[in-house]
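Chemist: Work the whole structure out from these sequences, hints included.
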Amino acid sequence: MREIMETMTEKLGLPAELLDGTPRLTLIGSRQVRIENHRCLLSFSAEALEADCGKQRLRVRGEGLRIVSLDRSELLIDGTILTVEVDPA
Amino acid sequence: MKTPYDWLWSAAGSAECRLIGVLPAGFLNRCAAAGIRLGDVEPESGTELRLSLPLRSLHKAQRIARRSQCELIPLRRSGAGVLARRMLRRAVPVLCLLAAFVLLCWSRLYIWEIGISGNKTVSDGAVRAALSDCGVGVGTFWPDLVSDNLRSELLVRLPQLAWATVNIHGSRAEVIVRERIPKPALLDEDEPADLVAERAGFVTGVRALNGTALVRAGSAVLPGEVLIAGKADSAFSGSRETHALGSVTAETYYEMSAAVPALETLRSGSDGARSRWALLIGKKRVNFYRNSSICPQDCDKINTIWECKIEGLFSLPLALVRERNVQRVWEERPRDRTAARRELEQQLHARLLAAVDGGEIEQETYACSESEGRLIVCLRARCSEDIAKERKK
Chain A
16 MREIMETMTE KLGLPAELLD GTPRLTLIGS RQVRIENHRC LLSFSAEALE ADCGKQRLRV
76 RGEGLRIVSL DRSELLIDGT ILTVEVDPA
Chain B
51 MKTPYDWLWS AAGSAECRLI GVLPAGFLNR CAAAGIRLGD VEPESGTELR LSLPLRSLHK
111 AQRIARRSQC ELIPLRRSGA GVLARRMLRR AVPVLCLLAA FVLLCWSRLY IWEIGISGNK
171 TVSDGAVRAA LSDCGVGVGT FWPDLVSDNL RSELLVRLPQ LAWATVNIHG SRAEVIVRER
231 IPKPALLDED EPADLVAERA GFVTGVRALN GTALVRAGSA VLPGEVLIAG KADSAFSGSR
291 ETHALGSVTA ETYYEMSAAV PALETLRSGS DGARSRWALL IGKKRVNFYR NSSICPQDCD
351 KINTIWECKI EGLFSLPLAL VRERNVQRVW EERPRDRTAA RRELEQQLHA RLLAAVDGGE
411 IEQETYACSE SEGRLIVCLR ARCSEDIAKE RKK
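Chains as they are written, first to last, in the working numbering: chain A, 16 to 104; chain B, 51 to 443.
Keep in mind that the hints were calculated from the coordinates and are not lab data.
One or more hints might be untrue.
Here are the in silico distance ranges between beta carbons for each label pair [as the list claims (entries may be wrong)]:
no.	chain 1	residue 1	chain 2	residue 2	range
1	A	Ile19	B	Ala83	55 to 65 Å
2	A	Ser88	B	Ala141	36 to 46 Å
3	B	Leu153	A	Gly79	52 to 62 Å
4	A	Ser88	B	Arg113	19 to 29 Å
5	B	Ala83	A	Glu62	24 to 34 Å
6	B	Ile70	A	Thr24	11 to 21 Å
7	A	Ser58	B	Cys146	49 to 59 Å
Even for Gly, the Cβ is constructed at its ideal location relative to N, Cα and C.
Modeler: Written out as structure tokens, the structure reads:
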């Protein structure tokens, strides 16, 4: 069902965020990263953070990383962001 | 630096904790899944995190931590509720002190102690009773009292007083009184009167200022005998009634005796002291014992009262009373003769001085004897004094 919805969104040219549960990543300069619709946190340290976002796995590397807020759907990371990697799960 | 968001987070009530565990990420995921909003998550090492969470979710988070094989140690609690509790904990002693101070200030507006001075013949009890009739007693609200009215009422109720005032010092009412000086008897020179002998004696001198002297130096007189008659010669009727004036000095003799038992009973000690306690609150007494406090026979009741006051500063209507009943033990032993004799001689001398009343003691001798278990001292004295006493016709 989700694949059909993704195909329809793509064909109709609608914004991808309309799909419920699609992970969204917002990078604010190199200081903050906001990850919405994440599934869970896989690992976390001051240098790296790994989060499961369903079909993708997000990896943030940086210095002095800290989680500003963490709840069911949103994760806000603060620190010096060096790289953000998206890997297929 | 704390942001407004941090301040709001703190104000809402948050707990700063340390998480120790092998997989701290598991704990974070479980908390997020349980709806616990975590903040300020900072890794300290691979197995330790420092984080803050809502105070209301702390217990829930600790349960989750246990399930995640981690340990969640609360380091600091903050928030309006915590602050209020902390303030309250500090405020309670301050409030207690404040309440005590207010109570103390309030108690100073009431009279808890009455001191009376300046009275000689009028007893303290009479003054207190009169004050009570005027509405002044222990527990009276003194700002309601009007000093002038009180003084007037007191003088009306106690005519023996010439002047009175009530001064208030904190909770102590100081009543100062001055007694009225009795008026001396006025001499009525027109009233006929004789001068008669007050006691027996040999007349040594007569000084008749008014009237006719019926005795002269060397005469022996008995009590009640007329010495100067209230009569004077008159050119028209032979004699006329007058008020006799003058003095008649006579040699008088006194014989007095005083006795004391040869054995004296002295208290040799006390036995079986028993203490009872009571609390005085204003006019009320709360006894911490049963039965009455009537002292048994041969028993001394010693009351010790500890009042809640600082002299001249404040006085509270609170006092602790200790009542001790001490059994008396008596012992009979011979009296010291020398001391007893000296004491009796002093007594007799005082009696003689009172009897002579302004006269002169020319000679006095004392004799001591013992009879029927009594020590007797006799005084014989020769005095010179004015024996004339006025007697109205």
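Chemist: Hint by hint, note whether the structure agrees.
Modeler: Each hint, compared with the structure:
Between Ile19 of chain A and Ala83 of chain B the beta carbons are some 28 Å apart, a value that contradicts the proposed interval 55 to 65 Å. For Ser88 of chain A and Ala141 of chain B, the hinted distance range of 36 to 46 Å is satisfied, since their beta carbons lie about 43 Å from each other. Between Leu153 of chain B and Gly79 of chain A the beta carbon distance is about 58 Å. The supplied range of 52 to 62 Å therefore holds. Restraint check, Ser88 of chain A to Arg113 of chain B: a C-beta distance of roughly 22 Å satisfies the suggested window 19 to 29 Å.
Taken as a hint, the range 24 to 34 Å holds for the pair Ala83 of chain B and Glu62 of chain A, whose Cβ atoms sit roughly 25 Å apart. For the pair Ile70 of chain B and Thr24 of chain A, the beta carbons lie near 45 Å from each other, so the given range of 11 to 21 Å is not met. Checking the proposed 49 to 59 Å range against Ser58 of chain A and Cys146 of chain B shows it holds: the Cβ atoms sit about 55 Å from each other.
Hint compliance for this structure: hints 1 and 6 are broken, all remaining hints hold.
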